[in-house]
Amino acid sequence: NAGVMQNPRHLVRRRGQEARLRCSPMKGHSHVYWYRQLPEEGLKFMVYLQKENIIDESGMPKERFSAEFPKEGPSILRIQQVVRGDSAAYFCASSPVGTLTQPQHFGDGTRLSIL
Amino acid sequence: AQSVTQLGSHVSVSEGALVLLRCNYSSSVPPYLFWYVQYPNQGLQLLLKYTTGATLVKGINGFEAEFKKSETSFHLTKPSAHMSDAAEYFCAVGSQGNLIFGKGTKLSVKP
Chain H
1 NAGVMQNPRH LVRRRGQEAR LRCSPMKGHS HVYWYRQLPE EGLKFMVYLQ KENIIDESGM
61 PKERFSAEFP KEGPSILRIQ QVVRGDSAAY FCASSPVGTL TQPQHFGDGT RLSIL
Chain F
1 AQSVTQLGSH VSVSEGALVL LRCNYSSSVP PYLFWYVQYP NQGLQLLLKY TTGATLVKGI
61 NGFEAEFKKS ETSFHLTKPS AHMSDAAEYF CAVGSQGNLI FGKGTKLSVK P
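Line by line, the protein sequences give chains H and F. Each residue of the first sequence is one higher than the one before, starting from 1 at the first, in the numbering used here. Each residue of the second sequence is one higher than the one before, starting from 1 at the first, in the numbering used here.
A hint or two may mislead.
To be verified - With a straight-line cut-off of 30 Å between C-alpha atoms, the simulated DSS-like cross-links for lysine-lysine are: (1) F:Lys-68 - H:Lys-27; (2) H:Lys-44 - F:Lys-58; (3) H:Lys-44 - F:Lys-106; (4) F:Lys-68 - H:Lys-44; (5) H:Lys-62 - F:Lys-103; (6) H:Lys-44 - F:Lys-69; (7) H:Lys-71 - H:Lys-44.
If you are wondering where the hints come from, they were derived from the structure by calculation, not from laboratory data. Quick caveat, the model's predicted, so the values are computed rather than measured.
Isolated chain F, as found in the complex (with noise of 0.2 Å):
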C-alpha cells in the first residue's frame, strides 16, 4: 500500500522568503512522486515529477524537489517566494495508474 503525509496543512512565508513543503511517503515499489498546485476554483497543475534517475528534479516557476529514498521523503521548494505562489500544493505517489494524494499545505505569501 501507499501513502502521503505532507507535515503542516498551512504554511506561510514572506515575500522573497525560501519555501519550504514537505512530503514523505510510503511504498513497498519504486514509487513514482509529484508535486501539483491547484488555484482557488481550479484543477491540479503538475509543478515537477520524479520517475527515475536524477533525485533532484526541476520544476516550472522556480520550484524543485528531492527524493530521499533513506528518508522517504520528497519536499518542495523554492528559493524565494512570489506572492503568485500563493495556493494549495499536492505531493502525490504512484506506481502504477492511479495517484495517491496527501491533504495538501496551503502556502500564504505575505508582502
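One chain only, chain H, in its complex shape (with noise of 0.2 Å):
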C-alpha cells in the first residue's frame, strides 16, 4: 500500500543543466499535482495533470519548465536550464478525484540544489 512515491529524494545540479523529477501517484490516483516549497515559504501549486493530460498550468513559470504524466509510467516534472532561484523542495501530491472532496496526499519531495 505505497503512497506517492518521488525519486530522487535529492538532486544536485549545476547552472544550465537539466533536472527531471519523477513522481508515482498512489495506487488509483490519476490526478496529480505539483506544488514548490522554497525556503521559509509555504507550498506553490504550479501544475495539475491527469492521464496524458495537462488540466491546470496556471503556476508554472513559462519558461524551461514543463510537465507530463504519460499513460504508463511515473508523472515528471523537468527543468531545463537551471538556475539558483530553481533551488527548492518539489512536491507530488496525488488524488483519485480531479476535486477536492477527496484530499491530496503528498510525496516526500525531491529536494533540488543548484550550484
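Need the complex rebuilt from these two chains, each delivered in its own frame; the hints are there to steer you.
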C-alpha cells in the first residue's frame, strides 16, 4: 500500500543543466499535482495533470519548466537550464478525483540544489 | 481568488499546554479547508479537512479545527501538546483542484 513516491529525494545540478523529477501517484490515483516550496515559504501550486493531459498549468513558470503524466509510468517535472533560483523542494500530490472532496496525498518531495 | 493567512510564523508552547495555530482565509466561493503537518525533510501529512457539514472537525493526533464562516477562520487546536507535535503546520484552502497554502507555522514544544 505504497504512498506517493518521489525520486530522487535529493538532486544536485549545476547551473545550465537539466533536472528531472519523478512522481508515482498512489495506486488508483489518476490526478497529480506539483507544488514548489521555497525556503521559509508555503507550498505554491505549479501544475495539475490527469493521465496524458495537463489540466491546469497556471502556476508554472512560462519558460524552462514542463510537466507530463504519460499513460504508462510516472509523472515527470522537467526543468531545463536550471538557475540558482530553482533551488527548492518540489512536492507531488495525488488524488483519486479532480476535486477536493478527497484530500491530496503528498510524497516526501525532491530537494533540488543548484550549484 | 483565494488566499490563506497564518498568524505567527513561530509558536512555542510547553508540553501539556494548549496548542492554538491561527488560520484565516479568503474565498469568494464555499471553501474546502485543510491542515497539514510537515516534519523535517518529509512531505505533508493530512491532519484534518473541512468540506461541508459539521463545522468542528476532528483530526489525527488529537487535533481539531473549527470552521467559522463569519470570522473566515479555521484555527487548529489541541488541548495538550506533546513533544512529538513539534513540526511545521500548514493551513490550505481550495475550491476546485489545487490548494492554496499559507506560509506555515513552526510549532516548538518545550519540556
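Status of the hints after comparison with the structure:
1. F:Lys-68 - H:Lys-27: violated, 35 Å
2. H:Lys-44 - F:Lys-58: Distance of about 26 Å is within 30 Å: holds.
3. H:Lys-44 - F:Lys-106: The given pair, whose Cα atoms are some 18 Å apart, holds under the 30 Å limit.
4. F:Lys-68 - H:Lys-44: With Cα atoms ~25 Å apart, Lys-68 (chain F) and Lys-44 (chain H) stay inside 30 Å; holds.
5. H:Lys-62 - F:Lys-103: Holds, because 24 Å separates the two Cα atoms, which is no more than 30 Å.
6. H:Lys-44 - F:Lys-69: holds, 24 Å
7. H:Lys-71 - H:Lys-44: Cα-Cα ~26 Å, so holds.
Of the numbered hints given earlier, the model fails hint 1 alone.
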